[in-house]
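Each chain is listed here by its residues.
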Amino acid sequence: MSLQTATVLRSNTFRSSLLFSAAFIALLVLVNFALFNPGQVSVVVLSGLYQGMLFFLVSAGFSIVFGLLDVLNLAQGSFFMLGAYIGFAVYGSFPEGTPVWARFMAAIMAATLGGGLLGALTESALIRPLYARPVFQIVLTFGLGIVFTELVRAIYGPAGLIPIQPPAALDTTFPILGARFETYRVFIIVVGAVLMAAILLLLQRTRIGIIIRAGVQDSEMVQALGINIRRIFTLVFALGCAVAALGGITAAPYLGAFPSMGDQFLLSAVIVVVLGGMSSFEGTVIASILVGLTRATAEQISLQYLQTPVLASLSILLIMIVVLLVRPSGLFGREN
Amino acid sequence: MQTPGALYEQPNRASHKGFLPGILLAALLAPPLIAAIRGQAPPDVSGFEHFTRSLAEVACADGLNLVGSLYIAETILLGMLTAVAFAFPPGKHPVFTALRNQGALLSALLLLIAMPFVIAWGTDSSICERGKSFFWQSVFIEAFILAALAISYNLIFGFIGVISFGHAAFFGAGAYGVGLLIHHLEWPLGSAVLGALLVSVAMGVFVSVIALRIRGLYFAIFTLVFAEIFFVLAQNRIMVNITGAEDGFTFAVPDWINATKNRITFYYLGLAYLVGAFLLVRQIVNSPTGRVMHAIRDNEDRAIMLGYNTFTYKMLAIVLAGTLACGAGILRGLLNKGASPSVLSISFTMDPLLMTLIGGAGTFIGPVIGAFLLHLVEQALRDTVIPIAGIEINIGERWFLILGVIFIVIVIAFPTGIAGTLQSWWNKWTARRNARAPSR
Amino acid sequence: MSEGETGQLPLEISPPAAPILETQGLSRYFGGLKAVDGVDFKLSSGDFHSIIGPNGAGKTTFLNLLSGVLKPTQGKVIFKGQDITHLPAHRIAHLGIGRSYQITNVFPNLTVLENVRLAAQALGRDNFKLLTHYQRFDVYIQRAWRVLERVGLAGVGHSLVSSLPHGDKRRLELAMLLAQDNEILLLDEPTAGLATEQVPEFMSLVKEVAASAQNRKTVVLVEHNMSVVMSLSDRISVMHQGRLLAEGTPAEIAANQTVQEAYLGSLYSDLDI
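Residue numbers (the working numbering), protein chains in the order written: chain A, 1 to 336; chain B, 1 to 440; chain C, 1 to 273.
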């Protein structure tokens, strides 16, 4: 199928899915206003955006890696976790008296770089030999995720680490419509949004981005054009892991660091990517916001009326099932 | 004129097929019968209870007793006969051919039948009372359950090539199903088991009908989420009165199947289920239906164009596999006399997957080998501590880490698993042997 | 039809009986791309009917529409008077319409025998006998061996398809069709990838297969090889950019100015009718 026809095909379902997503978000906001006071609503919306951004950070790499490499990287969650731990290690390695912001910046950079390097290593050593056997690739990444998690558990213990301190400016709460919300969580939202924009720009405006998008459509063709697709694969994989690691360290001052944090987010990340459509980055962006808001709303409803948070996890499971039934390839996915 | 078909070896069907299984049946039943005749029972009981009491008097004796020694002798005999049969070139005599084809499996089965007695002999304990043999019986029962679960998973994954991450849902439905029916609805055991099985059939049909048109990976994730919903539902506190939330709940089972009192019966029940599952799957895979499943795994589109409605076959595989998994779950529930959310956790999807891969996906014996290996090794090495490069590694604590490493090693080095690798070594060896020997 | 007749499409002589397979306004669009556009195709029973045209003319898409692999955007497919347009793909084989593929589409990890046996089994009634060993159903095995003998593959019956040379795989495609004893054979470039010297033998096999049955089989052949097409066909349809450009006997097509101008050109000029 030519690029032209694929684009034409996409636009009709694209538009209807876009409409659906917008309508759904509007519906969620309406439900919120109907049930809760403005303060609670703002907390829910911000919390939803915060959760959505975390999901995005874990799943961004997931969807590009799947779109280009056809690899379902079940170790993605553990890169998120590793980012947090690498950051912690770097944070604590500075001598007494180093200003917090310096430690913080160093931790973020180290985590991102470390995640990327580890990802590159993983791809070239372990994933590359298995491109012909996708089932085994999935099993391998699953095993790798377990190995990472268990190694960290063995070295640092299962209990987890106390959250590190972010720079003072971010370590506050601010009032909004009668409730209070942590500034740091807004910082996470901002970081997520910046990354969303950055990756979108990368994909749409740069040469590398075009190659990646072309490769997602037809990797053999790209190879035939003489481009070293293997190096691109490694780069993309590393990028995905780096973004996840960045997410981990960014969330660390709020979440702390514990071995199973990767697994907790993995399922949600998978749902986000599948919901959005596995080879669509735009789909992941929209779906992460959708899922985050849904979860936050469901959590609030659940706590208020049922006294347990059970609806929170159920809601995103159900919405994924419903979407898959109506759109078997996800909201913005491509039918091959 | 000889048709080309005649060149094709027909399987050794007809008269000699039932020969070995018939002998096995005799071997199975003879020792208990002999023991029951020789044993003493109180004079005031009669009928079946007289039989079981006299049997128990002999069989429960510490160390090596009459029943044990008979079983062990039979195992060794059959094993040796099979080894002898392999020394002769094939096709010489129908008895030898039968032994070549079925002897190894049947010897292994006899060994499992004799196993409680073997352990009792080795540890000078009784198969009926608390002691080493008693303890290891439960380890083996768990291995039987896991092996049956792995066999059921292999039907979907290895034979028809559908990837499912929701297998635990069927397993958990078995445990919770039978438990809920007995505990809350007070159904008798037989009806509860039937009820739980029917539920899993319905689940299989439901998942197939709504989700099979979703392709490949999306379907796998759909099943993952489907199972996760069950897990969340089982854990939540709203239904705590029904399900017991995170702690689960317990229920009462009849004495004869109560593993705390009557473990040896449960042992043979579990073994029987495993054998039944194995035979059923093998029969199905070798049937015309099973051949179509093979074809679907190889090239589904072509199968469709040949005229096969592949949806029906996939649904059949899912329902069958789900029901077998449910049966294993029922056994698990009865074994523990309870059910907790862990039976719905992802590990009961990933473990059978790993066991199937280790043993060899798409083979019959592979999942069984994988299950036994994994479970028995985990149990045996539970408290072993190995020093590596100055660090002490407690295998029991780091078992998940070891599993992860095994995952990776298998995928990279032994994709066909143990059975598959052995099979290809065997094929190469016989090919070389036939090349050296003069052609017939 | 004598030599020298040129120009317009010749008057179509109505076939004596209703067409066994026909399409009405059959179209398949992919977004803006009109892969098949309003094709009215008539196939007479017992005919050897070839479809020719340059790459991208829509021939394979047309076969996909006929065999139910693709559903049309517009139009109908009618088989023996019945509208089969929306029949699910797996029902098509049961009607007696068989298909071979341009790019070999068999079961690579199964044996040659098993491939053909599966084809034979598909139309039988034993597909859900779950508890009987498949080798007890001798009828399919015997039919498979006979078919393999016919196409000359009996010697490699037990080999894995993946180990076969390309020519044997093309024969296997044909064998699978034979095993189902279809009335209509849709052949998509069956000689694709064969060495030039293998082609005549292969095509004589095809012709022999088509002619030898009790009732002559009907063949729709998509081919690029002009000598094959001209020598074997009863009728030829020419497709171009998704549309049916011309239809007639080989002589008519060879003489058709429009077709010649379009692209037969040098391809054809050195062939004698």
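It is worth saying that the hints were derived from the structure and are not from the lab. There could be a bad hint or two in this list.
Far from chain C, some chain B residues (derived; all Cβ distances over 10 Å) [stated by the list, open to error]:
(1) Glu186
(2) Val209
(3) Phe231
(4) Ala295
(5) Ile304
(6) Leu306
(7) Ile395
Reference listing, derived: stretches of chain C covered by chain B, where coverage requires no fewer than 3 residues with Cβ under 8 Å from a Cβ of chain B [as the list claims (entries may be wrong)]:
(8) 37-47
(9) 105-116
(10) 125-137
Every residue gets a Cβ at the ideal spot worked out from N, C-alpha and C, and that includes glycine.
Hints, one by one, checked against the model:
1. Glu186: holds (35 Å)
2. Val209: holds (15 Å)
3. Phe231: Its Cβ never comes within 10 Å of chain C, the nearest being 32 Å, so this holds.
4. Ala295: Check fails; 5 Å does not lie beyond 10 Å.
5. Ile304: Non-interface label on Ile304 of chain B violated, nearest chain C Cβ at 5 Å vs cutoff 10 Å.
6. Leu306: Answer for Leu306 of chain B: violated, closest chain C Cβ roughly 4 Å.
7. Ile395: holds (38 Å)
8. 37-47: violated (count 0)
9. 105-116: holds (count 8)
10. 125-137: n = 12 at 8 Å, threshold three: holds.
Going through the hint list in order, the structure does not satisfy hints 4, 5, 6 and 8.
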